[in-house]
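*Asks:* Sequence:
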Amino acid sequence: MSQLQKQLFLYCLVLSFVKISGVFAQTRDSTRLDSDHNIHPKITLPQSEKAKQKQTELKKKIFKTIEWLDLMPKKDLDSLLNPPEYIGKTGEGEYGDEIPSELRNLPKSIQDEYQRALTSTEIISGMNGKAIRIPGFIVPIEFDKEKRITQFFLVPYFGACIHLPPPPPNQIIFVTNNKGFLVKDIFEPVWISGILQTTHFENDIALSAYSMLMKNIEAYE
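Whatever position you read off the sequence shown (first residue = 1), add 5 for the working numbering.
To be clear, the hints were calculated from the coordinates, so they are not data collected in a lab. Just to be clear, a hint being listed does not mean it is correct.
What the hints assert, rightly or not - Below, in silico cross-link-like pairs of lysine-lysine (DSS-like), each with a Cα-Cα straight-line distance of 25 Å or less:
{"#": "1", "residue 1": "Lys189", "residue 2": "Lys152"}
{"#": "2", "residue 1": "Lys69", "residue 2": "Lys184"}
{"#": "3", "residue 1": "Lys135", "residue 2": "Lys79"}
{"#": "4", "residue 1": "Lys69", "residue 2": "Lys79"}
{"#": "5", "residue 1": "Lys135", "residue 2": "Lys152"}
{"#": "6", "residue 1": "Lys152", "residue 2": "Lys69"}
As the list claims (entries may be wrong) - Distance ranges between label pairs, derived from CB positions:
{"#": "7", "residue 1": "Lys150", "residue 2": "Lys79", "range": "36 to 46 Å"}
{"#": "8", "residue 1": "Lys189", "residue 2": "Asn133", "range": "18 to 28 Å"}
{"#": "9", "residue 1": "Glu90", "residue 2": "Asn183", "range": "44 to 54 Å"}
These numbers come from a predicted model, not from an experiment. In this text, a Cβ means the ideal position worked out from N, Cα and C, and glycines have one as well.
Given only the sequences and the hints, what does the whole structure look like? Please build it.
*Replies:* What follows is the structure, given as structure tokens:
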């Protein structure tokens, strides 16, 4: 089995798990971050009087709670949820040697659509400039001198871009926070609120189709 085929199969499994388990199933109603919301003790943001005042003001704003699939065009989602038949034959590896012939026998249009969706940078243009709130896992990219995270990828499932292949670029958000923040456990999911931009970012870890200026972080509870 080629590396690409392994990645296709693995992502299909992960996508199905996330969708079925409902780990991040949320209402689509707007959610207000009121001043009484408790921040998880594992997350520590720098606190000065000025920062506290700004944080209070930001919490009064409304961030629309969205799901990851809200960031993916319908044609991409349809392609990923209807993969080529050979993907389902790799459960225990018994059909591994047959995959190349299966792949050759598939209509090229099916192959192209599935592989295109897996690496798609197509976005939902209407999301540009929106104030959103979305759950995910942090993949740190840059730290300041105090080891606070200033840049990171937000991804929909644990291990993405590290232990597992990255999801499609339109399922990755590049997030910046100039003040930085400390997280004791990056294995825990968080809520990130901020202003979403439909701009690409790429480094040696992954390619993201969205960017965000982070305004608030909360534990996922």
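*Asks:* Given the hinted pair Lys69 and Lys184, is their Cα-Cα distance within 25 Å?
*Replies:* 23 Å, holds
*Asks:* Tell me if the straight-line CA distance from Lys135 to Lys79 falls inside 25 Å.
*Replies:* This hinted pair holds, its Cα atoms lying about 19 Å apart.
*Asks:* Is the hinted pair Lys189 and Lys152 satisfied, with a Cα-Cα distance of at most 25 Å?
*Replies:* The hint holds at about 11 Å.
*Asks:* Given the hint of 18 to 28 Å, check if Lys189 and Asn133 actually sit that far apart at their C-beta atoms.
*Replies:* At 33 Å between Cβs, range violated.
*Asks:* Should the hint that Glu90 and Asn183 are 44 to 54 Å apart at their CB atoms be regarded as holding?
*Replies:* Check passed, 48 Å falls within 44 to 54 Å.
*Asks:* Is the straight-line distance between the alpha-carbon of Lys135 and that of Lys152 25 Å or less?
*Replies:* 29 Å, violated
*Asks:* Could you see if the CB distance from Lys150 to Lys79 stays within 36 to 46 Å?
*Replies:* With Cβ atoms ~44 Å apart, the hint holds.
*Asks:* Sort out whether Lys79 lies within 25 Å of Lys69, counting only the CA atoms.
*Replies:* Satisfied, since the Cα-Cα distance of roughly 20 Å is no more than 25 Å.
*Asks:* Are Lys152 and Lys69 close enough, with their CA atoms no more than 25 Å apart?
*Replies:* 30 Å, violated
Hint violations for this structure: numbers 5, 6, 8, all remaining hints satisfied.
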